[in-house]
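Undergrad: Here the protein sequences come in this chain order: A and B.
This note's numbering puts the first residue of the first sequence at 8, with every later residue one more than the last.
This note's numbering puts the first residue of the second sequence at 24, with every later residue one more than the last.
Please keep in mind that the hints were generated in silico from the structure rather than gathered at the bench.
C-beta atoms are modelled at their ideal positions from N, C-alpha and C, and glycine is treated no differently.
Heads up, some of the hints might be wrong.
Cross-link-like lysine-lysine pairs, in silico, PhoX-like; alpha carbons within 25 angstroms at most [stated by the list, open to error]:
#1 A/K64 to B/K85
#2 A/K64 to B/K86
#3 A/K68 to B/K79
#4 B/K78 to A/K68
#5 B/K136 to B/K176
#6 B/K176 to B/K28
#7 B/K91 to A/K57
#8 B/K45 to B/K136
#9 B/K45 to B/K79
#10 A/K68 to B/K86
#11 B/K91 to B/K79
#12 A/K57 to B/K86
#13 B/K34 to B/K176
#14 B/K78 to B/K91
#15 A/K70 to B/K79
Partner residues are not named here, just some residues of chain A that face chain B (Cβ under 8 angstroms, in silico) [said to hold, decoys possible]:
#16 E96
#17 H99
#18 L100
#19 S140
#20 E162
#21 G163
#22 R166
#23 K167
#24 M169
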Amino acid sequence: MPTDLFHGNLVYLTAEEPEAQATSFSRWFRNTQFARLLATAPEILWSSNKIKEWIEKDYEKDKPEGYFFTVRASQNDRLIGFFGLWDIEVNHLNSIIAIGIGEPEYWGKGYGSEAMQLALRYAFTELNLHRVSLFVFAYNTRAIRSYYKSGFRLEGIQRKAMLRDGERHDIVAMGILREEWEARAA
Amino acid sequence: MDIQKQLFVGKTICLGPIDHEKDPAIVSSWTHNAEYLRLVDTAPAYPNAVAQVKKKLEALEKKLEESKNMYYFHIRDRQDDRLIGFATIRWIEWTHGTGWLHLGIGDPKDWRKGIGSEVLDLLLQYAFNELNLYRLTATIPQYNPGALRLFEKAGFIEEVRRREALNRDGRHWDLLLFGLLREEWEAQHAH
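Pulled out of the complex, with its shape left as it was, chain A reads as follows:
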């Protein structure tokens, strides 16, 4: 049995107090390099008050809609990112993951990859899912490389599905099945 679901080497997983999380998130989204890798929706800058309100509302719910974690760096306990396992279909045991490292100085250094490893371990050993999938923008080549490294396979391309800076971009679909993850973990 895995000993500690919430701890890796570089990072560990937390639930944050609304204020701390809201302050970081509000700041992260001012960086469009980050925001434009994460969502197709037009960027909106939300105050930390508004984000705090959403988190508090979410905390009132009896059952979470998805499984959301914040990610901290082990070396200095800094809040650097998050992931969420969303759209879980209980009859099909699948889920879509969203993941982001909001602090740019932690990009490309393995923090995101390790957060993904923890996310997959949680999805397959705690939630007992059959499959985890994701959508990533074709121009986010760094993320795509890291998802391949984490064991995701290419499942297709949604052609020209987004328009940014006057150009059409593809959205890439990737997925990993339980048995593929188990074969790698063994």
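The hints should help you fit chain B onto chain A, whose structure is shown.
TA: Just chain B now, with coordinates in the frame of chain A:
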């Protein structure tokens, strides 16, 4: 081009609004057929009483009014206005010109008669010529060959195969995403 062309009228069917008095009973009867539910949605099949459907349709129309990223029609017989199914363009992202299609024909007696094809023609015309969208996506379970043929025939291309995303009767099935771009649709309709 004919600016006066009817957008909501096909050969045998038409698209119309919800009838909150008459439609709930018919929709409720569809939801008592698990085969229909499994073909039309990935959620667990679950029947809805007439009163539940009535509430849901009222909530749906309220959402149409408020959300602005969804269009929803009831498919009706062109002769007698009988309710046949539903068709929707949803999850529209105006900034990217994208939307997702979802349609269903409730009574198995109305299946395999070309109604889907007629509906899809109207829906595409509305999406590309009225909403001015650029791209449409449809999600189809591998176990629904009727829908696969329908969308392929309309020029949609299989873009994504979400492997083993579904489990029905102890067996895994893929969930397929089909896409159609404006220029592909226009090429089909060039005179």
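Undergrad: Which hints from the list above does the structure break, by number from lowest to highest?
TA: none
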